[in-house]
Structure formats: C-alpha cells, structure tokens
Amino acid sequence: MYHKFGVSKYPSTNITLEQFESHLQEFSLSKYKVLSLEFIL
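Count the sequence shown with numbering that gives the first Met the number 0 and you get residues 0 to 40, in order.
Simulated from the structure, these hints should not be mistaken for laboratory data.
Quick caveat: nothing in here was measured; it's all calculated off a predicted structure.
Please note that the accuracy of each hint is not assured.
Said to hold, decoys possible - So the derived label-pair ranges between C-beta atoms look like this:
no., residue 1, residue 2, range
1, Met0, Lys30, 17 to 25 Å
2, Gly5, Glu25, 13 to 21 Å
3, Lys3, Gln24, 18 to 26 Å
4, Gln24, Met0, 13 to 21 Å
5, Ser35, Pro10, 24 to 32 Å
6, Tyr1, Lys32, 16 to 24 Å
7, Ile39, Ser7, 26 to 34 Å
8, Lys8, Ile39, 16 to 24 Å
Ideal Cβ positions, reconstructed from N, Cα and C, are used throughout, including at glycine.
Using the sequences and the hints given, assemble the complete structure.
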C-alpha cells in the first residue's frame with residue numbers, strides 16, 4: 000500500500016518517486032495479476 004510518494008517529510012510512510020517508478024516497472028512485467036477492488040468484493 001502506498002501512502003505517499005515523493006514527499007520526504009514522513010519517511011516511514013513514503014517512498015521516493017524513483018522507488019515508485021521501479022515498482023510500476025516490476026508490475027508491468029506481467030509477473031503479477033492486478034485485481035480491482037470491485038472484482039475482489
């Protein structure tokens with residue numbers, strides 16, 4: 000879960016923009032299936 004990204008004021012609940020971009024890249028490699036909340040419920 001992401002609370003915020005790119006904001007260094009709260010480091011325990013934030014990631015850098017570079018980390019977020021890296022995560023998106025990882026998701027796009029089709030190793031994961033992303034489900035919508037509507038589908039899950």
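Status of the hints after comparison with the structure:
1. Met0 to Lys30: 17 to 25 Å: 19 Å Cβ-Cβ, so the 17 to 25 Å window holds.
2. Gly5 to Glu25: 13 to 21 Å: 18 Å, holds
3. Lys3 to Gln24: 18 to 26 Å: Holds - the Cβ-Cβ distance for Lys3 and Gln24, about 19 Å, lies within 18 to 26 Å.
4. Gln24 to Met0: 13 to 21 Å: 18 Å, holds
5. Ser35 to Pro10: 24 to 32 Å: Holds - the Cβ-Cβ distance for Ser35 and Pro10, about 30 Å, lies within 24 to 32 Å.
6. Tyr1 to Lys32: 16 to 24 Å: At roughly 19 Å between Cβ atoms, Lys32 and Tyr1 fall inside 16 to 24 Å, so the hint holds.
7. Ile39 to Ser7: 26 to 34 Å: Roughly 32 Å apart at Cβ, these two residues keep to the hinted range, so it holds.
8. Lys8 to Ile39: 16 to 24 Å: 32 Å, violated
Hint 8 from the earlier list is the only one contradicted by this structure; the remaining hints agree with it.
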